[in-house]
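Visitor: Spelled out, the chains give:
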Amino acid sequence: MKGISRVLVANRGEIAVRIIRTCRELGLESVVTVSETDKNSLPARLADRAVCIGPSSPMDSYLKVDAIITAALGTGSNAIHPGYGFLAEQPKLAEACATHGLIFVGPKADDLRKMGDKLYARKIAGGVGVSIIPGSELVHNPEEAADAAKRVGFPILLKAAAGGGGKGMKIVARAEDLSPVFDEASGEALSAFGDDRIYVEHYIANARHIEVQIIGDRFGNIIHLFERDCSLQRRYQKMVEEAPSPAVSPELREEICEAAVRIGKKIGYENAGTVEFLLDQDHGRFYFLEMNTRIQVEHPVTEMISGIDLVKEQFRVADGDSFSVSQEEVRLTGHAIECRINAESPGAGFSPCPGYITEWKSPTGEDVRVDSHCYSGYFVSPYYDSLLAKLITRGTDRREAIDLMQYALANFVVSGIDTTIPFHQFIMKHTDYLDGNVSTNWIENRLVKEYEKNGGNPFR
Amino acid sequence: MDAISQDEVIQILKMVEESSFDELCLEIGDFKLILKKHGGSEPVQRPFQTGEVFAHHEVAQEQPSVPMDVRQTEPERMASVSERDRQEMEPIGEGQEEGYLAIRSPMLGTFYRAPKPGAPPFVEVGRWVSADDSVCIIEVMKLFNTVKANVRGRIAKICAENGQMVEYQQTLFLVEEVDGGGETAKEEIAS
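Chains as they are written, first to last, in the numbering used here: chain A, 227 to 686; chain B, 23 to 213.
For reference, chain B alone in the conformation it holds in the complex:
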């Protein structure tokens, strides 16, 4: 479990703070360290929601300028997880989707926002889409599947991170319905 000492964590924190990077994810054996500067704007996909412990708040207090999140997988210590941590561990809630239409992943695979590396993304937040517009690519073992919006509206939120694995039926985008939007959109809301 002692893959890394507290001093080393502080050293890493300093390095990240002085660097131009916003985010660091480090895994050594069971040990996992995720750092995000400025509160981390996007909700991170959180692997290992059960049995996780946020164990090093004392470290965080010493470096209050960098919000951090040090985790060790250790099911036995579940009991020590505080209520605040539990809330943090909640995945992107269904509640956030209220009033929005969801574009869900038709399959498990890797989520890509652009048709190829370096190309501009298919969509950004605020972009209007109609049912036939491509919104992303899901790659499964070198097979690239283009995902259509299937709804009409304005992209309100991008819920998955580029290059990350998404599950079958995971929400990828939230779409704000347009007044007088497409029939597909209306049906979705009705159901």
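Pulled out of the complex, with its shape left as it was, chain A reads as follows:
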């Protein structure tokens, strides 16, 4: 590293552990910000230093830009890695870094602002010839939404312009439902993003969620690291991700990855980012969905098939360097799957399940990777999200990766709290999943009901 020497990791949980690990490999010192609850957490123990920035509530700690900047300056750090969530995609942290001479390990504040506006992002994609889902500009009331809906055809999606994570997003099947749902969507958008702007998109029912990992450097170069398939979602939260996608042919792969690079080049994107697409399975067409301007939760599946450490590349480009590899050197080898192990009760409507982990034994083995901050005796706090671990397996092909995942799940012991492990076991044995016969609403429309009916046993 030329300039970066001490990194403030402004995050918690497994991603903080993940970033600290790469800091060590690169010989960088790490300082992690912690809330009062996280003072004795695994990241706090692994980092060279932990700085307590406030009480447990994220509003008073992990979301406080001024506290994070003060912690960085006070510890002599010269770079901040935001991880994902919290302030990762907030232009105000990236801007504050620039003001105080700190390197923000992420995109430019301007890129965050532009791509954070979903309507602007659609324009960018459309402008470089990438298909966007038929939709509208801003609609200000249910009447305007109804006009737009007539044009694009029902069913439609009402989406928040400032959106993300499914908040403020509502499916409307018929014209008569539009008015009440419109108010609901804009109200939800206002409370989640402080921005109630809504637009309309046609809803594609039989779709897959395909996203392309890209990374850009300061010199205008953009490379892609192939696609991930994140179709298995529940309430717009991804549960299982894999790479490559079983639904993408080599020709389609080339086309979709090239489209992602074109969008990245158009805005001169720097650092790691993900361009999300929806693949219409009935017509074999793909559409631009949105861009995520951060390292993503599911980045390990890409690392497993490409052999490239994405966090390392993030540091390289933030430091003014180029990538360690050229596009031609990026090779797709084998197949990788990731299951998100959450502290939720799949048997009780996926209700969150905080509490003490009395026993934690994660599986090991070549081609088994566990990214986690948990251990026996760890208290899962109700203040933060429910992700406990990401379990990733790799095989020479999809079948091998699935077999290994079944084995790994069966050997993952977590006691004291409920987790999504049994639900993942159910998925990994389901013929629809094995045959690649799924879509973005498969879990909600089909699997959750089957799971409840069969008491977690797919063969009953």
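For the record, the hints were derived by calculation from the structure and aren't laboratory data.
Each residue gets a CB set at the ideal place from its N, CA and C atoms; glycine is no exception.
Hints should not be assumed to be uniformly reliable.
[Claimed, not checked] Computed beta-carbon distance windows for the label pairs:
#, chain 1, residue 1, chain 2, residue 2, range
1, A, E251, B, F53, 19 to 29 Å
2, A, R400, B, F166, 56 to 66 Å
3, A, G420, B, I32, 58 to 68 Å
4, A, G533, B, G185, 41 to 51 Å
5, B, N167, A, D409, 37 to 47 Å
6, B, F43, A, E554, 55 to 65 Å
7, A, E626, B, L165, 50 to 60 Å
8, A, G546, B, L165, 31 to 41 Å
9, B, T168, A, T584, 36 to 46 Å
10, A, E251, B, Q28, 28 to 38 Å
11, A, G591, B, L165, 45 to 55 Å
12, B, A136, A, K587, 53 to 63 Å
Position chain B relative to chain A; hints supplied.
Guide: Showing chain B alone in chain A's frame:
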């Protein structure tokens, strides 16, 4: 790692000894040198407690008149840290607070003992304070927050250094409770 040679360290030691300064802190890349004359009265805030190595005792032996403390951050060499060094590395222990009331920082920020540069400090050791007295300022990005004592008693120790960053809930002052002190103080002790 070789930001500075042993000869250079000795030169610096001599310069500091002959100067009117009591303390020197030098950082070059990974290299960190902290010198204190006369044993250093205040406990220093020690960044990077894990993975630190006190690597240059031979230098210290050549210059016994100046206690010193040369550190390099190098996690791999943790094993070579001696027991004495470990004790030195212990942060201000909770044990020191026994019998005292602590005034803790309500937020992370920069600790200032005076209302403005050049002004006399809010409190000194030995000063009696009551709950409503201001004891210091914590600055967070140009925002100055006055901290009240919230306890009654005599300031026994100032635990943070002026101008240094303090963490959320870090102990700033230790206060000796006064007989028949305020109710707040009693409650603190009871809990």
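Visitor: For each hint, tell me whether it holds in the structure or not.
Guide: Okay, the hints, checked on the actual structure:
Here the CB-CB span from E251 of chain A to F53 of chain B is close to 21 Å, well matched to the stated 19 to 29 Å. For the hinted restraint 56 to 66 Å between R400 of chain A and F166 of chain B, the CB-CB distance of approximately 58 Å keeps it satisfied. The hinted range of 58 to 68 Å is satisfied by G420 of chain A and I32 of chain B, whose Cβ atoms lie roughly 60 Å apart. Judged by the Cβ atoms, the range 41 to 51 Å given for G533 of chain A and G185 of chain B holds: they are separated by roughly 47 Å.
Between N167 of chain B and D409 of chain A the CB atoms are about 41 Å apart, so this pair conforms to the stated range of 37 to 47 Å. Take F43 of chain B and E554 of chain A: their Cβ atoms lie about 58 Å apart, and the range 55 to 65 Å holds. Between E626 of chain A and L165 of chain B the Cβ separation comes to about 56 Å, which falls inside the hinted range of 50 to 60 Å. At roughly 32 Å, the beta carbons of G546 of chain A and L165 of chain B sit within the given window of 31 to 41 Å.
At about 45 Å, the beta-carbon gap between T168 of chain B and T584 of chain A stays in the expected band of 36 to 46 Å. E251 of chain A and Q28 of chain B have their C-beta atoms about 30 Å apart, which keeps the hinted 28 to 38 Å range intact. A C-beta distance of roughly 51 Å is found between G591 of chain A and L165 of chain B, which places it inside the suggested range of 45 to 55 Å. In this structure the hint that A136 of chain B and K587 of chain A lie 53 to 63 Å apart at CB holds, the actual value being about 55 Å.
Consistency note: the structure conflicts with none of the earlier hints.
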